[in-house]
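*Asks:* Add chain B to chain A, keeping to what the hints say.
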Amino acid sequence: MIIEFGHFALVLALIVAVYQTVVPLYGAANGNVALMRGAAPASYLQLFLLAIAFAALTKAYVTSDFSVHNVWANSHSAKPLIYKISGVWGNHEGSMLLWVLILAAFGAAVGLFGGNLPPGLKARVLAVQGSISVAFLLFLVTVSNPFARTFPPPIEGKGLNPILQDPALAIHPPLLYAGYVGLSVAFSFAIAALIEGRVDAAWARWVRPWTLAAWMFLTLGIAMGSWWAYYELGWGGWWFWDPVENASFMPWLVSAALLHSAIVVEKRNALKVWTILLAILAFSLSLIGTFLVRSGVLTSVHAFAVDPERGVFILAILSVFIGGSLALYAWRAPVLQATGVFAPVSREGALVVNNLLLATSAAAVFIGTLYPLALEAVTGEKISVGPPYFNFTFGILVLPLLLLVPLGPMLSWKRAELWPAARRLWFAAVVALLCGVLALALQYRGPVMAPFGIALGAWLIAGSLNELGERVRLFRAPLATSWQRLKGLPGQSVGMTLAHLGVGVMVVGIVAITAWRQEVVTSLQPDETLQVADTRITFLGETPFTGPNYTATVGRFKLERPGREPVILTSDKRVFLPSRQPTTEVGILPTWRGDIYVAMGDKDINGARIVRAYFNPLVTLIWIGSVIMFIGGIFSLADRRHRVGAPKRSKSVQPQPAE
Amino acid sequence: MALTRKQKRTGLILSGLLLLGIAAALVLTALRDTIVFFYTPSEVVEKSIEPGTRFRLGGLVAEGSFEKQSGATVQFSVTDTDKVLKVTYTGTLPDLFREGQGVVTEGVLGKDGLFMADTVLAKHDENYMPKEVADALKKKGVWNEGKATQQ
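Keeping their order, the protein sequence lines are chains A and B.
Heads up: the first sequence is residues 0 to 658, going by numbering that gives the first Met the number 0.
Heads up: the second sequence is residues 0 to 150, going by numbering that gives the first Met the number 0.
Pulled out of the complex, with its shape left as it was, chain A reads as follows (with noise of 0.2 angstroms):
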């Protein structure tokens, strides 16, 4: 009964979503303020049915409803509840209802916190949104009916892939929804300005928030998709250049050269219509995301979905709006007049060449991912493209980006000196060419480039933190008056530092872990050892175990390294029920100098267990540099300038109310 319920809550939400697309924009063109004020109420609506659908989804789960087919084919009453859980998005149809659950999010959020957007503006923002709801809305409702029931309802379900039942990867695909779909309100937003044909400062301060909490989801919704890869696929990769994962990167690359191209929209009112397109393709790109990872078109390691009919849907919906909304963009964008101008050594020249190269390298990674599906559908030819590609297109493209990163924010806007400004940043080069010297002086073997690249990641560190020692006046004003312009900084550039920052942490742990990670592979019989690093691991011998829904051997290892005590770490072998899929868990071993890694495989001919063992060094530093990013961009998000909803078009200043 309750999912009969939440599957009329479906189409109703659905009926919701065509009334918010098609009465706003009728009442915006035509002036009518009671029809563009339904927008706001149609999207609070549109959400609480999607929340009744997606609750009415979860409770089958919970319950194990195994009536419903899709949670007979997902689920499985033996599993752990957060499964259960999270069951409920590891499947086709499960996921496109979070999606436009989360789609709808935006949409009330924008409703709610869009109270001082212009009425106009903000009807055509829903309408827009509206109108991406009604195409997966009705995607779900016609070929990925997630209530469809089987009968008669058969006893036992099928279980949840077992790779899946992690709890890394039970909120990976939610942060990276919210990701992929936040970019929507950017897309909306351009949309909206093509229509009215005006874009300016308060544009660009409304649509900033948006895209920075997008990419902040995406950006810790990727590091945990890695980190998941990390520990559970067993072979200590942590980035691999899949098309799944490049579907996630390329809205991640474009929307940040949105956010940075935003900024000399709203400080400098130029770059409007390069900041247009940015929208436009960076919601494109989470489309095609969506499309690639969710039709089965790809030969992946996660595709786990197989459907024509599905994929052609979505390719229906993709050209409809990329199309249209690239067909817009070159019909209106002409009408939006740039005024700011400036030199080509200056702040906005310097974000020109951060959104030139973010731009070019999402293109070469798109260019990577598509191509061996266009050269098959084109010549029927099967080839693939490997990390040795995107390593060295992507490589080239990113370093001079990497390199201008801290020079950048010295720059002043409209026209500035770059002498002085790179002079300023002699700190962060002498902490550069102090750690690359370092690293070559400790560095007995390894790539001669590993040393610079350590010296690239601490000349990004150190430049943060010049900048920010600049901002505050560090040594040259006393240093409580450093501390008061520090605890006086507005949050937009702490939120800038910390997420330069971050990405020099991530090179750090990046260059270290691709120069001097150790692999070990070698047959123990229990009590044999092998080496690797400083780290002498003994395999104790393996006993059984019985997990909720599976069974496992548990192979124990003592870790000794000199001077310390030992450490037991566990790795396991499992075999899911009822599919008898296996999976093997690692142990890994952090330390300050990197994580050591073990892997049990399976027997070799005489019985002696295969083991995996690596010395992962500074690879931590790749999650941590995430996390500072994201950090950054809350402090970024908190400024009062950027707060949503904050800015008014108007001229004159009016008083915030307090909060």
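For the record, the hints were derived by calculation from the structure and aren't laboratory data.
All values derive from a computational prediction rather than experimental measurement.
Cut-off 27 angstroms, straight-line C-alpha distance, at most; resulting in silico cross-link-like pairs (BS3-like, lysine-lysine):
hint, chain 1, residue 1, chain 2, residue 2
1, B, Lys46, B, Lys82
2, B, Lys110, B, Lys67
3, B, Lys110, B, Lys46
4, B, Lys85, A, Lys602
5, A, Lys486, A, Lys266
6, B, Lys67, A, Lys602
Covered stretches of chain B (chain A as the covering partner; in silico rule of three or more C-beta atoms under 8 angstroms from a C-beta of chain A):
hint, stretch
7, 22-31
8, 34-47
9, 59-70
Residues of chain B clear of chain A, computed beta-carbon distances all greater than 10 angstroms:
hint, residue
10, Thr9
11, Pro50
12, Gly51
13, Thr52
14, Met115
We put the CB at the ideal spot given by N, CA and C, even for glycine.
*Replies:* Positioned in the frame of chain A, the structure of chain B alone reads:
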């Protein structure tokens, strides 16, 4: 040297195009040097692939062909039910590696006709088959459609 707005915009566009050109050149070179083709055992024979060529080999792990050798080295055959190619690989196999299941391996064809794989691709569940393998097997008419579309 006051540039007009138009000149500046032209400069901006030109530098953008220059960057795009460099990127395009990069992408094309990288693609030419790094793409890896996918073949089934039959295609390896039909196209008479030269030894020393790097490619991806896909098909089913032939029943009864899996053989453990010294250390972590294993040997198995990949088949598309028509032709068979022997593969040798050192390292841990993916959890779902089994005889009779689809597999994609990447490596180099040796002079003796033995395929020396350095990568055996993971599959995430027993019914999921690498798309290349499924397509190749469909072409051969030995593919069971019902099994593949279930999750």
